[in-house]
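Visitor: Position chain B relative to chain A; hints supplied.
The listed protein sequences derive, respectively, from chains A and B.
The C-terminal residue of the first sequence carries number 348 in our numbering, and the numbering is unbroken.
The C-terminal residue of the second sequence carries number 139 in our numbering, and the numbering is unbroken.
Since the hints were made in silico from the structure, they are not lab data.
A portion of the hints provided could be inaccurate.
To be verified - With a Cα cut of at most 25 Å, we get these calculated DMTMM-like pairs of lysine to aspartate or glutamate:
1. A:Lys-271 x B:Glu-124
2. B:Lys-135 x B:Glu-124
3. B:Lys-59 x A:Asp-243
4. A:Lys-166 x B:Glu-89
5. B:Lys-72 x A:Asp-256
Claimed, not checked - To spell it out: a stretch of chain A is covered by chain B in this simulated footprint if at least three of its residues, at any positions, have a beta carbon under 8 Å from a beta carbon of chain B; those stretches are:
6. 40–50
7. 60–71
8. 138–147
9. 186–197
Stated by the list, open to error - Per label pair, the in silico range of CB-to-CB distance:
10. B:Lys-59 x A:Glu-106: 40 to 46 Å
11. B:Asp-111 x A:Gly-130: 55 to 61 Å
12. A:Asp-155 x B:Glu-50: 41 to 47 Å
13. B:Lys-53 x A:Phe-55: 34 to 40 Å
Every residue, glycine too, gets a C-beta built ideally from N, C-alpha and C.
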Amino acid sequence: MDLYNLGKVPWDDSQLIYHALADLGREGLILLSPASPYVCIGFHQNVEQEVDLAFCRQSGIPVFRREVGGGAVYLDGGQLFFQLVLRADNPLLPAAREAFYRKFLEPVVGIYRRLGIPAEYKPINDVVVGARKISGSGVGEIGAGVVFVGNLIVDFNHEMMARVLKVPDEKFRDKVHKTLVGNLATIRRELGDAAAAEWTEERLNALMIDAFASLLGPFETAAVDTELRSRADALRSRMLSDDWLVQRRGRGAGRDIRIRAGLHLLHRVHKARGGLLRADYELTEGRLSGVSISGDFFCYPPDAVRLLEAGLEGRRPQDVREVARNLSVRRAIEIPGVNEDDWAVLLA
Amino acid sequence: MDIEGYTIPENLYYDKDHYWVRPEGELLCMGMNDFAQKLAGKIVFVQLPEPGKRLDAGKRFAKVESGKWLGKINAPVDGELADVNEELEGNPGLINEECYGKGWMYKIRPDNMADLANLIHGAEPIRSWMLEEIKKFAK
Numbered sequence: 001m002d003l004y005n006l007g008k009v010p011w012d013d014s015q016l017i018y019h020a021l022a023d024l025g026r027e028g029l030i031l032l033s034p035a036s037p038y039v040c041i042g043f044h045q046n047v048e049q050e051v052d053l054a055f056c057r058q059s060g061i062p063v064f065r066r067e068v069g070g071g072a073v074y075l076d077g078g079q080l081f082f083q084l085v086l087r088a089d090n091p092l093l094p095a096a097r098e099a100f101y102r103k104f105l106e107p108v109v110g111i112y113r114r115l116g117i118p119a120e121y122k123p124i125n126d127v128v129v130g131a132r133k134i135s136g137s138g139v140g141e142i143g144a145g146v147v148f149v150g151n152l153i154v155d156f157n158h159e160m161m162a163r164v165l166k167v168p169d170e171k172f173r174d175k176v177h178k179t180l181v182g183n184l185a186t187i188r189r190e191l192g193d194a195a196a197a198e199w200t201e202e203r204l205n206a207l208m209i210d211a212f213a214s215l216l217g218p219f220e221t222a223a224v225d226t227e228l229r230s231r232a233d234a235l236r237s238r239m240l241s242d243d244w245l246v247q248r249r250g251r252g253a254g255r256d257i258r259i260r261a262g263l264h265l266l267h268r269v270h271k272a273r274g275g276l277l278r279a280d281y282e283l284t285e286g287r288l289s290g291v292s293i294s295g296d297f298f299c300y301p302p303d304a305v306r307l308l309e310a311g312l313e314g315r316r317p318q319d320v321r322e323v324a325r326n327l328s329v330r331r332a333i334e335i336p337g338v339n340e341d342d343w344a345v346l347l348a
Numbered sequence: 001m002d003i004e005g006y007t008i009p010e011n012l013y014y015d016k017d018h019y020w021v022r023p024e025g026e027l028l029c030m031g032m033n034d035f036a037q038k039l040a041g042k043i044v045f046v047q048l049p050e051p052g053k054r055l056d057a058g059k060r061f062a063k064v065e066s067g068k069w070l071g072k073i074n075a076p077v078d079g080e081l082a083d084v085n086e087e088l089e090g091n092p093g094l095i096n097e098e099c100y101g102k103g104w105m106y107k108i109r110p111d112n113m114a115d116l117a118n119l120i121h122g123a124e125p126i127r128s129w130m131l132e133e134i135k136k137f138a139k
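The shape of chain B in the complex, shown without the other chains:
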């Protein structure tokens, strides 16, 4: 759905840092949402840790840089890093071009798929959260 110019698919799950999560069988695919990639500007670097790394929900596991700002990427759920998008190593700008497609970032094997319930999901919760965020970032 379109929320004030940002494309935010309602079938995805979101963490409060604006990363989306999509179930794919036993794994979760993760990437940056349209709001975050637009605010970040041209992404110049995404850290791609080795698969197998242990992830703890809310804790940093990688870094991303744009506009001389080196930011943290926190794990959306507990689990293990299963795969990374190698394409981003040579072309991190894929996140800007296609944040829900070719610009996906990580695949996670969650400890418990039910942890998805801790993320923001569903048309109305997503809309009200996004509207609050847009207001907050406009200050």
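Next up, chain A with everything else stripped away, as it sits in the complex:
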């Protein structure tokens, strides 16, 4: 299989080359890292809903929509990308998705362990150290190919990640930042500055080549040839256009930021008969925590919202209706025009 070990590349090439390789029906492993930062959103996302475009524009940070699953991410040279492009009929591809992720994330887990970081695979597609995520990945079926992209995270700019996202208010942004810091691991953080500095980009890429070769067989070094370059350039004119970036998706009833598998930060809005309800909360392994409710509704007694927030702590979204019903009976809570179904919809 062809190996494109490209080092630092212009930010747009770090996305366009694998799209082009898949589009051409060719296979290969691409290793590269962007020379400058950018924001990359998933195919299914509304860019205006996910990204603070004004901030990105002012800061000269480009935004790109990839043809791969997953959400918005801030990418820069502190992350080393692997991009594996296989034809859909390649017998190396397991049919089931979990088997696919497990198989192709095994090299990543192995590399971190070689570095002395006790990484583990966590279904469906995370690599974690304890409860913290240390590699992101996603898949896109492009042309006749299946593209698996992911990264080794040497360093991560949590502050910029929290800054480029569109959030309802600065309090929520602060929460995003703290949750990212608490739940994302990096090589630098795990090994310390001195030990991490010894693992240069070249050495880490050499480990990736070895690890992926054990799954895919020996590689032949390849360069970006004319055919690949012209396809990438052709894709550039489409994928860097505003028409491609700004595509309306879904209904946009709030924000759901996936920090890692099993941990989401959510902002939800629901219009009940009695007024607008808003909730900011974490969903950790299917349990609600830190629920903060606001809106333009009336309630009695005055601490009704606080009682509801406390009652929801540690409960599952499917228990919300029962919690709201019990509170309204036991504590005589009255919120005109808002019933237990509204709370269930808000926190579904």
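Guide: Quick look at chain B alone, frame taken from chain A:
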């Protein structure tokens, strides 16, 4: 019928990618079968192209995402996209909840209704195909 825990109605037609097709007058209704929706997990996005789009059998016309996997949806027959299930725009999880009912995805005006013969249909063909698929996906 139940095939090893998957509900696969025998009166429907299926393509090899696990999408079902049901004739409804001059149109064909299409959706994801129970096997595919269970394997996919929570569906977070379904692309709903504009009706009128030309469809070629076996060629991609839309995308679907679950588990950070953006997959292709191929047309089961030649024809034209007649309608899409708008409900899926706000609630793609309907496919997980009711894949043969409220979670239907597209309606197609086929060029030739006889193309249904190219799909998998009938109790025995469906059963043997599904058993093979279950074996393949267990690897």
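Visitor: All hints are to be evaluated individually against the structure, with a verdict given for each.
Guide: A quick look at each hint next to the structure:
Distance hint between Lys-271 (chain A) and Glu-124 (chain B) is unfulfilled; the C-alpha atoms sit about 50 Å from each other, more than 25 Å. Restraint check for Lys-135 (chain B) and Glu-124 (chain B): the C-alpha separation of about 17 Å stays at or below 25 Å, so the hint holds. Of the pairs offered as hints, the one joining Lys-59 (chain B) and Asp-243 (chain A) holds, with about 23 Å between alpha carbons and a cut-off of 25 Å not exceeded. For the hint pairing Lys-166 (chain A) with Glu-89 (chain B), the CA-to-CA distance comes to about 21 Å; that is within 25 Å, so the pair holds.
Proximity of Lys-72 (chain B) to Asp-256 (chain A) is assessed by CA-CA distance (about 24 Å); at most 25 Å being required, the pair is judged to hold. Only when three residues or more bring their CB closer than 8 Å to a CB of chain B does the claim for the segment 40–50 of chain A stand; here the count is 3, and the claim holds. Only residues whose beta carbon comes within less than 8 Å of a beta carbon in chain B count, and the segment 60–71 of chain A has 4; three or more means the coverage holds. For the segment 138–147 of chain A, the stated coverage by chain B is satisfied: 4 residues place a CB nearer than 8 Å to a CB of that chain, which reaches the threshold of 3.
Restraint check on the segment 186–197 of chain A versus chain B: 0 residues with Cβ-Cβ distances below 8 Å, three needed, restraint violated. Here the CB-CB span from Lys-59 (chain B) to Glu-106 (chain A) is close to 33 Å, at odds with the stated 40 to 46 Å. Between Asp-111 (chain B) and Gly-130 (chain A) the Cβ separation comes to about 56 Å, which falls inside the hinted range of 55 to 61 Å. Asp-155 (chain A) and Glu-50 (chain B) have their C-beta atoms about 43 Å apart, which keeps the hinted 41 to 47 Å range intact.
Between Lys-53 (chain B) and Phe-55 (chain A) the C-beta distance comes to about 36 Å, which sits within the given range of 34 to 40 Å.
Violated hints for the displayed structure, listed by number in ascending order: 1, 9 and 10.
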